[in-house]
Amino acid sequence: DIVMTQSPLSLPVTPGEPASISCWSSQSLLHSNGYTYLDWYLQKPGQSPHLLIYLTSNRASGVPDRFSGSGSGTDFTLKISRVEPEDVGVYYCMQGLQTPLTFGGGTKVEIK
Amino acid sequence: EVQLVESGGGLVQPGGSLRLSCAASGFTFSDYTMHWVRQAPGKGLEFVAAITSNGGTTYYAHSVKGRFAISRDDSQNTLYLQMGSLRAEDMGVYYCARAWMQVGGPFDYWGQGTLVSVSS
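In order, the protein sequences belong to chains R and F. Residue numbers are given in this note's numbering: position 26 of the first sequence equals residue 26, and the series is strictly consecutive. Residue numbers are given in this note's numbering: position 6 of the second sequence equals residue 6, and the series is strictly consecutive.
Just so you know, not all the hints are guaranteed correct.
Stated by the list, open to error - Derived, one-sided and incomplete: chain R residues facing chain F with beta-carbon distance under 10 Å: (1) Phe67; (2) Ser70; (3) Leu97.
To be verified - Ranges of calculated distance between the beta carbons of each label pair, as one might list FRET restraints: (4) F:Ser63 / R:Gln27: 12 to 22 Å; (5) F:Ser25 / R:Gly16: 17 to 27 Å; (6) R:Pro85 / F:Ser117: 27 to 37 Å; (7) R:Gly16 / F:Thr58: 28 to 38 Å; (8) F:Gly56 / R:Gly16: 49 to 59 Å; (9) R:Gly46 / F:Ser7: 18 to 28 Å.
Derived from the structure by calculation, the hints contain no laboratory data. Computed from a predicted model, the values in this text were never measured in an experiment. Positions of the beta carbon are idealized from the N, C-alpha and C atoms, including for glycine.
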């Protein structure tokens, strides 16, 4: 199975400041079709998760452009250019290359 | 509007069984691979099972294989998870999710979840 690792575990942030979360996979998520199957989800307190970024760098519908995803192969990053108070929650990366699908352990973003 | 509504959760004794349902609306259910993802109390997300759009292929987490069965009824727009030989480690919120582009996701819609408790 592909192991997904996230860092940091917890990320205190100041509103208006940037934030960055890293995610690593135990093997490349690049498919032979050229797509890299790495997605990012945010689970706000008391809510179901929702999709932020798909295929490494594509923002999902309705996601503000302060969120961006990058990376390749086994190393990935989610960046928030200017954190807003509503961005608090737990962020998860997930590999969709092969089953069983696997998630990172999560990064809890909270306001300082 | 796309909606996924789970039901069927509850308290069950270790070794018992439970069937979860996920009622889908607002899209052509039969066109999509569907998943169950769970979250133990205070923990992260874990893939449980998936079923392809034609129901021909199913996938399971190692931890549930042989105990859980995923199925779908496209005529009723409903996804199911039959859970058996339940253990304490199966406790948590179970979400159904729609895989938007391919078998492995991404999950563009999630239900609100249904809580499964396993205790004597």
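Check your understanding: Is it true that the C-beta distance of glycine 46 (chain R) to serine 7 (chain F) lies inside 18 to 28 Å, as the hint says?
Key -> holds (19 Å)
**Study point:** Status of the given 28 to 38 Å range, CB of threonine 58 (chain F) versus CB of glycine 16 (chain R)
**Key:** Once the Cβ atoms are compared, 47 Å apart, the range 28 to 38 Å for threonine 58 (chain F) and glycine 16 (chain R) is violated.
Check your understanding: Would the hint on serine 70 (chain R) stand, with a C-beta cut-off of 10 Å toward chain F?
Key -> Violated - the Cβ of serine 70 (chain R) stays beyond 10 Å from chain F, reaching only about 16 Å at its closest.
Point to revise | Supplied distance hint 49 to 59 Å, evaluated on CB atoms of glycine 56 (chain F) and glycine 16 (chain R) | key: At 50 Å between Cβs, range holds.
Exercise for review: Mind checking the CB of leucine 97 (chain R) against every CB in chain F and telling me if the closest is under 10 Å?
Suggested key: holds (6 Å)
Review point. Range hint 17 to 27 Å: satisfied by the CB atoms of serine 25 (chain F) and glycine 16 (chain R)?
Key: Violated: the Cβ-Cβ distance is about 40 Å, outside 17 to 27 Å.
Review point. Per the hint of 12 to 22 Å, is the separation of the Cβ atoms of serine 63 (chain F) and glutamine 27 (chain R) within bounds?
Key: holds (21 Å)
Practice item. Identify whether the interface hint at phenylalanine 67 (chain R) stands, where standing means a beta carbon of chain F within less than 10 Å of its own. Key: violated (14 Å)
Point to revise | Cβ separation of proline 85 (chain R) and serine 117 (chain F), checked against the hinted range 27 to 37 Å | key: holds (33 Å)
Of the hints listed earlier, those the structure fails to meet are numbers 1, 2, 5 and 7, in rising order.
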